[in-house]
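Trainee: So you can see what is in the structure, the chains are spelled out below.
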Amino acid sequence: MKKLLALALAMVMVLGLAACGGTVTSTETPAPAETATTPADTAAPADAAPATASAITLWTYPIGGWGNEETVKALTDAFTAETGIAVTVEYLTYADGDDKVNTALTANQAPDLIMEGPERLVSNWGANGYMVNIADLFDAADKSELNAAALDACFADANTAYEYPLVMTAHCMGINLNAFKEAGADQYINTETHTWTTEQFISAVNALEAKFGGTVGAVYCSGQGGDQGTRALVNNLYGGTFTNAEHTQYTWDDAKNIQALKELYDLKGIAFDPSLVGGDEIALFYNGTLKMAFCWNIAQQLNPNSADTGAEKTANGDDIVFMAFPSEDGNAKLQGGIWGFGIFDNGDQGRIDAAKQFIQFMCDSDHTVDAVRAANFFPARTTVDAWSDNPIMGEYNKLMPMLGDYYQVTTGWAQARTAWWNMLQQVGQSDGSEAAIKAAVDQFCAEANAGT
Amino acid sequence: MANQPSMSRALARRENIAGYLFMLPSLIFFVGFVVIPMVLCVYTSFFDSNMNQNTPDVFIGFANYAELWKDPVFIKALKNTFIIVFVSVPVVCIFSLWVASAIYRMKDSIMSLFRIIFYLPVVTGSVAVTVVWKWIYNNYYGVLNYLLKGMGVIDQNINWLGDQRFALWGIIIILLTTSVGQPIVLYVSALGNVDATLVEAAEVDGASDLQSFWKIRWPLIMPTTLYILVITTINSFQCFALIQLLTSGGPNYATETVMYYIYYTAFKLYRFGYGNAMGVILAIFIGLLSAVQFRLAKET
Amino acid sequence: MNTGVKKITAYKVLSIILLIIFAILFAFPLYWILTGALKTPAAINAASPEWFPHEFTLRNFQVLFTKRSAPLYELPIPFTKLKVVGATVPAAVRWLVNTVFMAVMAMVLTCITAAAAGYALAKKRFRGRYLIFSLIVAAMALPKQVILIPLIREISSLGLYDNIWAVIFPTVGWPFGVFLMKQFSEGIPGEMLEAARIDGASELRTFTSVVVPIIKPGIGALAIFTFINSWNDYFMQLIMLTSNANLTISLGIATMQAENSTDYGLIMAGAALASVPIIIVFLLFQKYFTQGITMGAVKG
Numbered sequence: 001m002k003k004l005l006a007l008a009l010a011m012v013m014v015l016g017l018a019a020c021g022g023t024v025t026s027t028e029t030p031a032p033a034e035t036a037t038t039p040a041d042t043a044a045p046a047d048a049a050p051a052t053a054s055a056i057t058l059w060t061y062p063i064g065g066w067g068n069e070e071t072v073k074a075l076t077d078a079f080t081a082e083t084g085i086a087v088t089v090e091y092l093t094y095a096d097g098d099d100k101v102n103t104a105l106t107a108n109q110a111p112d113l114i115m116e117g118p119e120r121l122v123s124n125w126g127a128n129g130y131m132v133n134i135a136d137l138f139d140a141a142d143k144s145e146l147n148a149a150a151l152d153a154c155f156a157d158a159n160t161a162y163e164y165p166l167v168m169t170a171h172c173m174g175i176n177l178n179a180f181k182e183a184g185a186d187q188y189i190n191t192e193t194h195t196w197t198t199e200q201f202i203s204a205v206n207a208l209e210a211k212f213g214g215t216v217g218a219v220y221c222s223g224q225g226g227d228q229g230t231r232a233l234v235n236n237l238y239g240g241t242f243t244n245a246e247h248t249q250y251t252w253d254d255a256k257n258i259q260a261l262k263e264l265y266d267l268k269g270i271a272f273d274p275s276l277v278g279g280d281e282i283a284l285f286y287n288g289t290l291k292m293a294f295c296w297n298i299a300q301q302l303n304p305n306s307a308d309t310g311a312e313k314t315a316n317g318d319d320i321v322f323m324a325f326p327s328e329d330g331n332a333k334l335q336g337g338i339w340g341f342g343i344f345d346n347g348d349q350g351r352i353d354a355a356k357q358f359i360q361f362m363c364d365s366d367h368t369v370d371a372v373r374a375a376n377f378f379p380a381r382t383t384v385d386a387w388s389d390n391p392i393m394g395e396y397n398k399l400m401p402m403l404g405d406y407y408q409v410t411t412g413w414a415q416a417r418t419a420w421w422n423m424l425q426q427v428g429q430s431d432g433s434e435a436a437i438k439a440a441v442d443q444f445c446a447e448a449n450a451g452t
Numbered sequence: 001m002a003n004q005p006s007m008s009r010a011l012a013r014r015e016n017i018a019g020y021l022f023m024l025p026s027l028i029f030f031v032g033f034v035v036i037p038m039v040l041c042v043y044t045s046f047f048d049s050n051m052n053q054n055t056p057d058v059f060i061g062f063a064n065y066a067e068l069w070k071d072p073v074f075i076k077a078l079k080n081t082f083i084i085v086f087v088s089v090p091v092v093c094i095f096s097l098w099v100a101s102a103i104y105r106m107k108d109s110i111m112s113l114f115r116i117i118f119y120l121p122v123v124t125g126s127v128a129v130t131v132v133w134k135w136i137y138n139n140y141y142g143v144l145n146y147l148l149k150g151m152g153v154i155d156q157n158i159n160w161l162g163d164q165r166f167a168l169w170g171i172i173i174i175l176l177t178t179s180v181g182q183p184i185v186l187y188v189s190a191l192g193n194v195d196a197t198l199v200e201a202a203e204v205d206g207a208s209d210l211q212s213f214w215k216i217r218w219p220l221i222m223p224t225t226l227y228i229l230v231i232t233t234i235n236s237f238q239c240f241a242l243i244q245l246l247t248s249g250g251p252n253y254a255t256e257t258v259m260y261y262i263y264y265t266a267f268k269l270y271r272f273g274y275g276n277a278m279g280v281i282l283a284i285f286i287g288l289l290s291a292v293q294f295r296l297a298k299e300t
Numbered sequence: 001m002n003t004g005v006k007k008i009t010a011y012k013v014l015s016i017i018l019l020i021i022f023a024i025l026f027a028f029p030l031y032w033i034l035t036g037a038l039k040t041p042a043a044i045n046a047a048s049p050e051w052f053p054h055e056f057t058l059r060n061f062q063v064l065f066t067k068r069s070a071p072l073y074e075l076p077i078p079f080t081k082l083k084v085v086g087a088t089v090p091a092a093v094r095w096l097v098n099t100v101f102m103a104v105m106a107m108v109l110t111c112i113t114a115a116a117a118g119y120a121l122a123k124k125r126f127r128g129r130y131l132i133f134s135l136i137v138a139a140m141a142l143p144k145q146v147i148l149i150p151l152i153r154e155i156s157s158l159g160l161y162d163n164i165w166a167v168i169f170p171t172v173g174w175p176f177g178v179f180l181m182k183q184f185s186e187g188i189p190g191e192m193l194e195a196a197r198i199d200g201a202s203e204l205r206t207f208t209s210v211v212v213p214i215i216k217p218g219i220g221a222l223a224i225f226t227f228i229n230s231w232n233d234y235f236m237q238l239i240m241l242t243s244n245a246n247l248t249i250s251l252g253i254a255t256m257q258a259e260n261s262t263d264y265g266l267i268m269a270g271a272a273l274a275s276v277p278i279i280i281v282f283l284l285f286q287k288y289f290t291q292g293i294t295m296g297a298v299k300g
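Protein chains in written order, with this note's numbering: chain G, 1 to 452; chain C, 1 to 300; chain D, 1 to 300.
Errors might be hidden in some of the hints.
Below, simulated EDC-like cross-link-like pairs (lysine to aspartate or glutamate); rule was C-alpha separation at most 20 Å, straight line [unchecked claim]: (1) Lys67(D) <-> Asp318(G); (2) Lys67(D) <-> Asp136(G); (3) Lys216(D) <-> Glu203(D); (4) Lys70(C) <-> Asp136(G); (5) Lys356(G) <-> Glu145(G); (6) Lys438(G) <-> Asp136(G); (7) Lys356(G) <-> Glu199(G); (8) Lys76(C) <-> Asp254(G); (9) Lys12(D) <-> Glu203(C); (10) Lys268(G) <-> Asp108(C); (11) Lys333(G) <-> Glu199(G); (12) Lys67(D) <-> Glu69(G); (13) Lys262(G) <-> Asp163(C); (14) Lys356(G) <-> Asp99(G); (15) Lys313(G) <-> Glu395(G); (16) Lys12(D) <-> Asp108(C); (17) Lys67(D) <-> Glu328(G); (18) Lys298(C) <-> Glu186(D); (19) Lys268(G) <-> Asp77(G); (20) Lys12(D) <-> Asp209(C); (21) Lys67(D) <-> Glu70(G); (22) Lys70(C) <-> Glu447(G); (23) Lys123(D) <-> Asp209(C); (24) Lys149(C) <-> Asp162(D); (25) Lys268(G) <-> Asp155(C); (26) Lys333(G) <-> Glu447(G); (27) Lys123(D) <-> Glu50(D); (28) Lys256(G) <-> Asp329(G); (29) Lys215(C) <-> Glu203(C); (30) Lys262(G) <-> Glu434(G); (31) Lys287(D) <-> Asp108(C); (32) Lys211(G) <-> Asp136(G); (33) Lys216(D) <-> Glu186(D); (34) Lys211(G) <-> Asp155(C); (35) Lys73(G) <-> Asp370(G).
FYI, nobody ran anything at the bench for these hints, they're computed from the structure.
Just chain G, same shape as in the assembly (with noise of 0.2 Å):
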């Protein structure tokens, strides 16, 4: 009996202990020195407004800035201070993220605001029956100021938009040049162009193979983060397609890629490894494990892994050149990267209203070159002057015209992504043999057929 008793004071001590700390602070009504700093957090009464909610709650991936708490603290509240309308916000993973707002829509506890691509927020979510159809917030000077591209991408049809784009980017490679250089294989890129040849690369990866010995650049597949860089990384190599022009249907089974599939599996330097995904990979490309990383992109150019260490610089400072993928012309097709809000459709006109007005305030006001800029990604809308001042982005803008065809919008996306990175897997497990590859590429090809 006593020792139960001691049990339950041992429990009780470990409660009072965690309540400990706010027993100092528990106040009935939160001091003033305290709740500076969340205004939003403190004592919110729900539903002030019957015509706008007086809460919102956003949902961001990590876009860039978009995943820092301090960066998107100080544009939402610009926003609250101009509107009254308090913003909570929840911050995403691409690991976990999809399967997080899944559950939250089987529960119907979805957020009001998303902030992702149209390849989740149209052609899956919105698809699927969860988004509101924000088609009224596009006037026409809108539609001639945003990108064509990006424009086109957020519409499921001519009258129906579930995302107002922010900001886009080309997705591409990134490449240790100290590595390159210690290998002799800087001989293989043109830094000036920030493109090469298929031959070009694979030659480069052997002699960063020779110099460093086991993998050098990872063909990751552990799940779905990241894999426009796997993508683009098969698609270009001998100028295979992922879908057909019309995006009805998935291509990915064509010779082309089995070739390339082919080749990356018979490179010594490059390992297929499905205990990776995008993030992880460009992890160890930042600590210098890997030379390459094809999970790349300006923001990370910008602020390699969101380490604040420094633009363009590995962890132990080594430089960062971005590159096109490489083809077999050195013309890359290049995978385009859309982000925006949606409004998820939680049947409550007031929600909706407030998540709307949030929407103009990000992406269609002065306070947009903010938004912009805390993304690390081109604006979508054309007008606004973000980075006239950053050489980086400058030098960035060579990629851009190398943007290829949006296709992320294809019917059945979300199953076919799923089907992509098995079939990665299954072609890393496999003999290599073409045949085994062949194999694994048709069958996931036709499970990603079956969505559409």
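Based on these hints, arrange chains C and D on the given structure of chain G.
Mentor: Positioned in the frame of chain G, the structure of chains C and D alone reads:
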């Protein structure tokens, strides 16, 4: 008990009411959060139910179940699930019995030191244990590769969790380290409770150590063994965090378990009805397994 | 004879050596968490691991505590839409508060409901008790993934989604506790209950003054079991909790791991924060832990 003098009717009523009232709080939770969802699970499994709000659920009878047996991933997941259970349960039992019999006659302080060490992974918490193992197994700078290379066992880094030959075993090893703590504690006390005079008497009769173990100790610790079987089985079926955080079922479905595949089907493939059908099948298998275990328990 | 003795000692020496090797292997992950949490990023990424940190740093904990913030607690005031909100603290601290709250609540509720239900099942002859008991046994080993989808929908229609109670209630509903307490209550002597009834004690009084004192050790065992289980039940937390302020420490580390996949120093700091409190509790009370666990198996 059954042949008690016929209970008066009032007494029987009182027993009934009291029984229900005592059951009530527990039943609210049990029915509310286990039974009802289970019923709904069976119900939805007959529908083509998905995440799309624009298409209503369609009743399709046993189509989901029929598809399951043609789904190679499900078959693989089922196989892996049973490999995990049928490997880890006996290994846990044997290993913990071995540790317990090696330490139960040691000095108290030394024994409890060992007991604490083997119990540590349990209290460390599944996620904390998982993330540290992820680091240990890491292909590029994990300590395991470093150690094995240093000892000359391997000459090239092995991607433990990224290679279909090793991934499932990597998971099982972690599961084992988090499973043996409690069985060891149980066996130590069970062995300690075996009447020493019985063993001595046997030894006087010329029984060897092994004989006295099988003839005397083993039958006496049988109830403990059965209890350990039950809790280890439950534990092995709960192995989700390991899969989700380490491999997501990969590579090439080598570590896919039914538990993870249900989650995957629901939130990556958006097929709720199909996922539920999987759940029902798994529940049936587990029900059968439990029935066998309890039959065993009754017989002893 | 002589060789026999020698054999035994050789076996003993061997088994002790093996035991020590295993003990080191079991303790290693925790050691790796604790030292990893204090290592510099350079040491973490070093090609050859530092077995013991050459240089200690609190950098990982600093990052951990500045990364995200959350109010220390939030208490909704009933019948209003207002909340009392605590001071803003590092989110990791809030996660600990949530976890302790969750584990303690689950423990208390489970003990109360399971003790009553177990007693009723063992000693009250009410109609339907066999059915209920069979249901409980059948559901005991059921992995929670089976009822994933219906449970999420149910929790959400109760308005509990993204609320710590959404994790607590299903934990309480899990029937293992009832099973355990039934096994314990079987041991209550019928004469004592009879005597209490003849004395005119009410059912509730009989329960609190006769039954509870007898099964107290069992309740202790169950308390420990539930506390650890709910602390470690990553899956329920994963599917039920979403907002930063509502996460548990396990979920928090998992999220951190997803965010900073290879910053193992930071992840280990999180893992240390998650495991050290519960390990301290365990070490302080390990005698009761081991006793409690043993109690649980008294009746298999």
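Trainee: Now, for every hint given, state plainly whether the structure supports it.
Mentor: Comparing the hints with the structure gives:
{"no.": "1", "hint": "Lys67(D) <-> Asp318(G)", "result": "violated (26 Å)"}
{"no.": "2", "hint": "Lys67(D) <-> Asp136(G)", "result": "violated (37 Å)"}
{"no.": "3", "hint": "Lys216(D) <-> Glu203(D)", "result": "holds (18 Å)"}
{"no.": "4", "hint": "Lys70(C) <-> Asp136(G)", "result": "violated (47 Å)"}
{"no.": "5", "hint": "Lys356(G) <-> Glu145(G)", "result": "holds (19 Å)"}
{"no.": "6", "hint": "Lys438(G) <-> Asp136(G)", "result": "violated (46 Å)"}
{"no.": "7", "hint": "Lys356(G) <-> Glu199(G)", "result": "violated (49 Å)"}
{"no.": "8", "hint": "Lys76(C) <-> Asp254(G)", "result": "violated (28 Å)"}
{"no.": "9", "hint": "Lys12(D) <-> Glu203(C)", "result": "holds (18 Å)"}
{"no.": "10", "hint": "Lys268(G) <-> Asp108(C)", "result": "violated (56 Å)"}
{"no.": "11", "hint": "Lys333(G) <-> Glu199(G)", "result": "holds (17 Å)"}
{"no.": "12", "hint": "Lys67(D) <-> Glu69(G)", "result": "holds (8 Å)"}
{"no.": "13", "hint": "Lys262(G) <-> Asp163(C)", "result": "holds (18 Å)"}
{"no.": "14", "hint": "Lys356(G) <-> Asp99(G)", "result": "violated (25 Å)"}
{"no.": "15", "hint": "Lys313(G) <-> Glu395(G)", "result": "holds (16 Å)"}
{"no.": "16", "hint": "Lys12(D) <-> Asp108(C)", "result": "holds (18 Å)"}
{"no.": "17", "hint": "Lys67(D) <-> Glu328(G)", "result": "violated (44 Å)"}
{"no.": "18", "hint": "Lys298(C) <-> Glu186(D)", "result": "holds (15 Å)"}
{"no.": "19", "hint": "Lys268(G) <-> Asp77(G)", "result": "violated (51 Å)"}
{"no.": "20", "hint": "Lys12(D) <-> Asp209(C)", "result": "holds (12 Å)"}
{"no.": "21", "hint": "Lys67(D) <-> Glu70(G)", "result": "holds (9 Å)"}
{"no.": "22", "hint": "Lys70(C) <-> Glu447(G)", "result": "holds (14 Å)"}
{"no.": "23", "hint": "Lys123(D) <-> Asp209(C)", "result": "violated (42 Å)"}
{"no.": "24", "hint": "Lys149(C) <-> Asp162(D)", "result": "violated (46 Å)"}
{"no.": "25", "hint": "Lys268(G) <-> Asp155(C)", "result": "holds (16 Å)"}
{"no.": "26", "hint": "Lys333(G) <-> Glu447(G)", "result": "violated (25 Å)"}
{"no.": "27", "hint": "Lys123(D) <-> Glu50(D)", "result": "violated (59 Å)"}
{"no.": "28", "hint": "Lys256(G) <-> Asp329(G)", "result": "holds (14 Å)"}
{"no.": "29", "hint": "Lys215(C) <-> Glu203(C)", "result": "holds (11 Å)"}
{"no.": "30", "hint": "Lys262(G) <-> Glu434(G)", "result": "holds (7 Å)"}
{"no.": "31", "hint": "Lys287(D) <-> Asp108(C)", "result": "holds (12 Å)"}
{"no.": "32", "hint": "Lys211(G) <-> Asp136(G)", "result": "violated (58 Å)"}
{"no.": "33", "hint": "Lys216(D) <-> Glu186(D)", "result": "holds (13 Å)"}
{"no.": "34", "hint": "Lys211(G) <-> Asp155(C)", "result": "holds (18 Å)"}
{"no.": "35", "hint": "Lys73(G) <-> Asp370(G)", "result": "holds (12 Å)"}
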